[in-house]
Structure formats: structure tokens, C-alpha cells
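Letter by letter, the chains look like this.
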Amino acid sequence: MTTLSGSFLTAWQLVAVADAKLAAIVLLSLRVSLTATLIACTVGMPIGALLAVGRFPGRRALIVLFNGLMGLPPVVVGLLVYLLLSRAGPLGQFGLLFSPEAMIIAQAILVTPIVAALTRQVVADAWSEYREQLRSLGASRTRAAATLLWDGRFSLSTAALAGFGRAIAEVGAVMIVGGNIDGVTRVMTTTIALETSKGDLPLALALGFILITVVLSINAVAYALRGWAERRWG
Amino acid sequence: MGVNAWLTIEKLGLTEGGTRIIDGVSLSLGAQRTVVLGPNGAGKSTLLRLIHHLLHPSTGILYWPRRLSQAMVFQRPVMLRTTALANVIYGLKLKGFAAAEYERRARESLARVGLEHIARRPARLLSGGEQQRVALARAWALEPELLILDEPTASLDPASTREVERIIAEIAAGGTRILMTTHNLGQARRMADEIVFIDRGRCVEQTPVAAFFNLPQTEAAQAFLQEEIP
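Residue numbers (the working numbering), protein chains in the order written: chain P, 1 to 234; chain S, 1001 to 1230.
None of these hints come from the bench; they were simulated from the model.
Be a bit skeptical, because a hint or two may be false.
In silico EDC-like cross-links for lysine to aspartate or glutamate, where the CA-CA straight-line distance does not exceed 20 Å [to be verified]:
1. P/K21 <-> P/E195
2. S/K1093 <-> P/E132
3. S/K1095 <-> S/D1023
4. S/K1093 <-> S/E1108
5. S/K1011 <-> S/E1145
6. S/K1095 <-> P/E195
Short, incomplete list of chain S residues facing chain P, as computed with Cβ under 7 Å [to be verified]:
7. L1055
8. P1065
9. L1068
10. M1072
11. V1078
12. L1094
In silico contact screen, one side only, chain P against chain S (beta carbon under 8 Å); selected entries [unchecked claim]:
13. V15
14. D19
15. K21
16. A23
17. D125
18. Y130
19. S136
20. G138
21. A139
22. T142
23. W233
Please read all numbers here as calculations on a predicted model, not as lab measurements.
Each residue gets a CB set at the ideal place from its N, CA and C atoms; glycine is no exception.
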């Protein structure tokens, strides 16, 4: 039996018996990345909407900045958060380094520009269609931004998904601020990197399957929900 | 300046990217129902948007003897992704009506446009004609003193057009001033007390409706009327 097929077999067995250690890693990954995405949406969506409809100095510069930050390298974000949270850093007193919370902070920072930039695009398109009607009804720009966020809620699910996809798939940031501590901060991507370098391919492969399955299923569910909602509301 | 004018416009101009879209329009609007006519690109819609404060003039002034509350209905109705009723309520909320009144006012307004039965339906899934009637209900619920309509029936079938005309006439009967554009000359004849004829950003003619159609005073207006397909 080749290494590869053997690894596949062991990987499948690990998934099939819902190995406790494996389950803990998967659940931590989901907890960290879903929380980070939630925070990123709470912060990034209003920012994106205001960038789309607002009129204030520096708006264009901010748009370019957020678009550029979409490509933020995870290791750099990890490094910056590491410096912030390390004992000597400005937020060192909270003792968050090498905790799931640190990983959530890092991923939220990584994902917020993605959510903001994609939201801005969706809201800007809607704004060109709604602008005159909303202004005619007397909506302030802030009110218009809120209205367009609500009205674009189905399209905006794509922005949230893109953010989640980025968070769950990245290694660099969580590796640096989480430290990949067994049973504490070990998530799917860091485990895959570690086990591969150690030569334990079955566990790495099993996690690889699960990672892809999780991402695909969440996208499939969101796609179905969006389709349903759009048929329902037009 | 007309004695009973509710709006006097003096030397109004709008220049965009070097093009004069509105070129020194002076007008006194005093009729209850005014229809603005003119060829495509004459500046009709722009004039309406200037009056509705959606655009700021480059030159000239709008003089309102008394500030009138306004509402505007556009050629393509903009419906939010919610129910027809919530679309009407949205307008009431923005205009600061009492919260306790939202539902009753919105329902009354939908009933007046004959759409009470679809109040809970998603607005975006209604037909074009129904959406335009919801837009009229949304405007009517605000009880404006001036209702501006930019080609409100341009994309509607004859039955919907008749219904929209009936609604506009009813709103006018309640005392609301009507200012609208159309490319439908029959509609202009039916709906107007006074015609304002615009050509290339200038106001060419302003006459009572019967006089305009029987004996247009300018060559431009004569030529425009002769193009009509019987």
C-alpha cells in the first residue's frame, strides 16, 4: 500500500470514529473563525456602507486603503497582534497571547478589510439605484447606509462568506499569536502544517478533508439560503 | 411673476461637464396640475430634480412664496426588499410621522391605490404597474403639498397607465399640486391644466393646456406636436 492511500485510509478512520482530539481541533477552528467573522461583519459592514454613501474628506484614500488591506499577509497581521499582546506590548497586561482570544483578534483584523471592501461594492451599486428615491424621502446618509445594508442583506452574505473563508483557511496569523499549543490553540490549519512537517500524514489529511468539507458545506448552505431569500423577496 | 404662483424660477441654469442642461429657465408655476413637455434630452427630468432639490442649480434661484412639502415618484419605482406595506411605512418613518400612525396611514394609502390586498406581499415581486402604484401610495401617504412625477407611466401597459392616471387625478383632487413630465401627449391633455414646453434646456412656451394643443405659439412646439403618432 502506498503512503498516500494508507494515509487516506487512516484519515477516513479518524473522521469515521469522530476522534476526540480531532473533534476538539475542528471545534476550536470553527469557534475562532466564526467569532472573528462575526466581529469583522459588525465592524466592517457599517464601514463599507459609509464608504459607499458617505461624503467626507479622505473617503477615496480610505477606499483604496481597505481594498489594499484585502491582501494583508496573515503572518504580518500575526506579527503585529503578537507585538500588541506580548508582555511588553501595549495590551500585554491582559495576558491574551497564546490564547484563542488572541487568534480571534488576529483573524478579525485580517478579515475586517475584506468584509468592508466587499460591502462597499455591494452598497455602492445599490446606492446608484436607490440614491434619488432615498434622498427624495429625506434619508440622511447614515440612514441611507443602514437601509442599504438591510436591503442588501442577501448579497452581503457573500462578503461574510469570503471573510469566513479567509479566516478558516489562514495559518500564519493563528500560528504566531496562538502558538499552536496542543489542546489549547491548535486549529485545523496549524495542525496540518505541524503534522505534515512531523510526517504524520493521516491526521494532516483527515483535517484537510474536514477543512474543505466545512468550507464547502457552509458555502452550500449560504448559497441555498440566499437563493431562497431572493426568490422570496426579489 | 404670477399672482398665485407657488413657485417662481428665475434664470435657472445647470451646467454639467461643460454642457448646459438647463439654460436660463424663468417660470412662474401657479396651476394646480402642470405637465412639462419636450423632446428627449430637453432637460425636463433635470428641471424636476432641481425643483425637488435633488440637484443644485449652477445659477439662478427658486423662489418659494411658501415652502411646500414635496414628494416625488420616479419613472422606475424603487422598492425595498420588504413588503409593500413596509415600503409605504418607510417613507412615513423618514418624514417623521407619529409611530402610532404608521400602519393605519400606510394601509389607507394602499387602499386608495387599490392595493390593500397585496400589503403583505414582497414589493419587488409585484408587477411593474403594481410597484408604481405602491410608489404612489408611499408618496400619497406623506400628504405632500406638491407631488412631482417623472414620466410615471413610461414603462407601463395601457391598463396600468389608466390606473396611475386615475390615482394622480385623485391626489390632485385632494388639493395637492401636481408637476409631471410625460411623453404621452394624450396623457398631457388629460392631466394638465397648464403645459410648460422645454426645448434644449430653455423654457419655450407656457400656456393653458387647451391653447397649447389647439394653437401652439412657437415653431418648436408646433414641430413637436406634429411628430405625434395618431
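Each hint tested on the structure:
no., hint, in the structure
1, P/K21 <-> P/E195, "holds, 14 Å"
2, S/K1093 <-> P/E132, "holds, 17 Å"
3, S/K1095 <-> S/D1023, "violated, 33 Å"
4, S/K1093 <-> S/E1108, "holds, 16 Å"
5, S/K1011 <-> S/E1145, "violated, 24 Å"
6, S/K1095 <-> P/E195, "violated, 62 Å"
7, L1055, "violated, 10 Å"
8, P1065, "violated, 22 Å"
9, L1068, "violated, 14 Å"
10, M1072, "holds, 5 Å"
11, V1078, "holds, 4 Å"
12, L1094, "holds, 5 Å"
13, V15, "violated, 40 Å"
14, D19, "violated, 44 Å"
15, K21, "violated, 45 Å"
16, A23, "violated, 39 Å"
17, D125, "violated, 13 Å"
18, Y130, "holds, 5 Å"
19, S136, "holds, 5 Å"
20, G138, "holds, 5 Å"
21, A139, "holds, 5 Å"
22, T142, "violated, 12 Å"
23, W233, "holds, 4 Å"
Checked against the numbered hints listed earlier, the structure breaks hints 3, 5, 6, 7, 8, 9, 13, 14, 15, 16, 17 and 22; every other hint is satisfied.
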